[in-house]
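We have chain D already, so just place chain F on it with the hints.
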Amino acid sequence: MNLKYVLVLISLLGIFSLYILSLFSQLPTVALQDLQHNEGKKVVVDGIVLSYHLTSYGSQLIEIRDVNATESGYKATVFSQTEVPVEYGDHISVIGTVQKYNGDWEVVTDNERSIYIVQNWQNISFPLWQLAQNPERYAGTHVCITGVVDRLSDASFYLNDYEGKYSLLALFNHSLTSRFSVGDTISVQATFAYDEKNLRYVLQVQDEPTPFNVLSEE
Amino acid sequence: MMDLLLIIVFSVLGVLVGVVSGLLPGLHVNNIALILLSVSGSIVALCTPLSSFGISEQFIVVLICVFITSVSISHSFHDAIPTTFLGAPEEDTALSVLPAHRLLLQGRGYEAVVFSAIGSLGAIVVCFLLLYPLRFLVGEPLNIYAQLQEIMFWVLIAISILMLATEKGKITDFGGTKKTQHLIGIGFATFVFFLSGIFGLVILNFPLSSPIGLPATVLFPSLAGLFGMPTLVTSLFTKPIIPQQTLDTPMIKGKIQRASLISIISGSLSGMFVSLIPGISSSTGTVIAMNTRKETDNEQTIVTLSAVNASSAFAVIILLYIILKTRSGVTVAINELIPAEEWTSLLIPTNLIYLLIAVLFSAVISFFLCLRIAKIAAQHFTAIPYGALVMFTIGLISTLVILFTGILGIVILLIATCIGLLPVLWGVRRSHCMGVLLIPVILYFL
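In the order they appear, the protein sequences are chains D and F.
Residue numbers for the first sequence follow the numbering used here, beginning at 16 and rising by one.
Residue numbers for the second sequence follow the numbering used here, beginning at 4 and rising by one.
So here's chain D without its partners, still in its complex pose (with noise of 0.2 Å):
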């Protein structure tokens, strides 16, 4: 057969094999305590969102924490030469590759859709016991919890779960107040933290955007 079509047919079984190949190596999902046995290499990582920032080239630096770490577990950073949405909170999955940058390890992304997005942090939602059992694992990310309104006043009022074994206190901007009343069923998404003055974890519900979600009213 004449080297010309033998060549087109390499090419298309060529391609095809690649294809399957493709399906069978997927890339290796790495834990972030493992990032520095995998350098140079690209891998897909998981992880919360801790903080992120624009830096004044364009680029973005999106600080991640695992996905199962408690908050003085394990971070890395990802790199991505523009900008995604994330947001605190966010559960994300980063393709990218392994890379030592002043001392610290980075996964440094081929362009946003490197980037996915597998759980926005306003779909997160917790129970109030799993905050209580690992609140050092949810400080200072954002989070969307569901419980019973008790003791509203003009800037918080405290969150009980359906039993009444656990509540905490959400501290917020009095505007809100008519929103809903005491014994609704509000989720609520806001930032879960430590208040260091008063030796307790509270959650700081923002104005923006809209952070209360009656489920049902008394």
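Hints are all accurate, no fakes.
Calculated lysine-lysine pairs in the DSS-like style (CA-CA distance at most 25 Å, straight line):
{"hint": "1", "chain 1": "F", "residue 1": "242", "chain 2": "D", "residue 2": "19"}
{"hint": "2", "chain 1": "D", "residue 1": "115", "chain 2": "D", "residue 2": "90"}
{"hint": "3", "chain 1": "D", "residue 1": "115", "chain 2": "F", "residue 2": "328"}
{"hint": "4", "chain 1": "D", "residue 1": "56", "chain 2": "D", "residue 2": "115"}
{"hint": "5", "chain 1": "F", "residue 1": "182", "chain 2": "D", "residue 2": "19"}
{"hint": "6", "chain 1": "F", "residue 1": "328", "chain 2": "D", "residue 2": "56"}
{"hint": "7", "chain 1": "D", "residue 1": "90", "chain 2": "D", "residue 2": "56"}
{"hint": "8", "chain 1": "F", "residue 1": "171", "chain 2": "F", "residue 2": "181"}
{"hint": "9", "chain 1": "F", "residue 1": "171", "chain 2": "D", "residue 2": "19"}
{"hint": "10", "chain 1": "F", "residue 1": "181", "chain 2": "D", "residue 2": "19"}
{"hint": "11", "chain 1": "D", "residue 1": "19", "chain 2": "F", "residue 2": "173"}
{"hint": "12", "chain 1": "F", "residue 1": "256", "chain 2": "F", "residue 2": "378"}
{"hint": "13", "chain 1": "F", "residue 1": "171", "chain 2": "F", "residue 2": "182"}
{"hint": "14", "chain 1": "F", "residue 1": "378", "chain 2": "F", "residue 2": "242"}
The set of hints was computed from the structure by calculation and includes no laboratory data.
Relative to chain D, chain F alone:
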């Protein structure tokens, strides 16, 4: 004064490395930039004695960027020499002969390199003259780039159609009239374009990793396979009869002078344009320039192609500072070493000034060096053990692919080489293989 002296020293070193890389057939300047980037840490370490002369480590990194820039400029001049003197097909059997090879087969190989060097240097001068217009056109206040981005999908579609519709190759295998053969040629070009595109989509997120921890990019084996290896492989199997070469410098006067000037200007503008658009190469720029001015003679095609290449090598550096986008391996390397500072005012950023000095200085030295080396090549190239040189280059590229991307990289290189051989064997333009980048980029903007 010491700063300027060091910039000149590093430019000269860059030019010398560019001579070597440019003379090795099939080695792309982007690969050289990635290699230099991966060893930049060692270069900084080597240069630390300079700190005793009051040179900061920050400036040493700038000097490495000056070096990389000079390598790229020198490479773009000198790769015309192996392109002209090596890999010429047997004219009777070849379906597509490069313009430089046509002149070589007429005994005018040296002339081909002279036209190429004139095109390259001319483009650098034109780019310098257009530095500020480019700044105001692409950046503030006119913001052409921002407007282009909004219609990028259609721009890329239009470029793809232009590339395919202007294919002139005729495929005679299936008989038919000349018109039918031409249409089959366009059809096959479209097949190559889409085949390369599907190949690009399949390998886009392929898990490559370097066995020695180097940055692994899938573009290296794929582009080396699509564009570098096919020339090398075909030249291994061809034994053209090359006539005695003349060493006459072409007289560029009157009509030729005017035509060359137009080629340089159209090539430079085209090179700047392709540098703005993601996913297209300087060969696409040449097609655009040649179709704009309707000139098809060999000499002017060479001048235009070289002008597009040099202008593109220059423009990507300027655009890095205007739109903060990396459009080549060289700018990726520079941006990794010294993150670009946006050029927003009249004053040119300091680091860009250093790079511009390097570009101008390297271009002038490379012009004269290139002519000198071309003269030697024209006199002695029949004595070069061409088969051994080609085998050495194939071995070098394969070794680099393994070092950078591992065994999977070699698989990609092999398949890319098969795809890259299709246009060569069927007689259509090789630039259709740019579908490997164009189709994924088009889908991205969809």
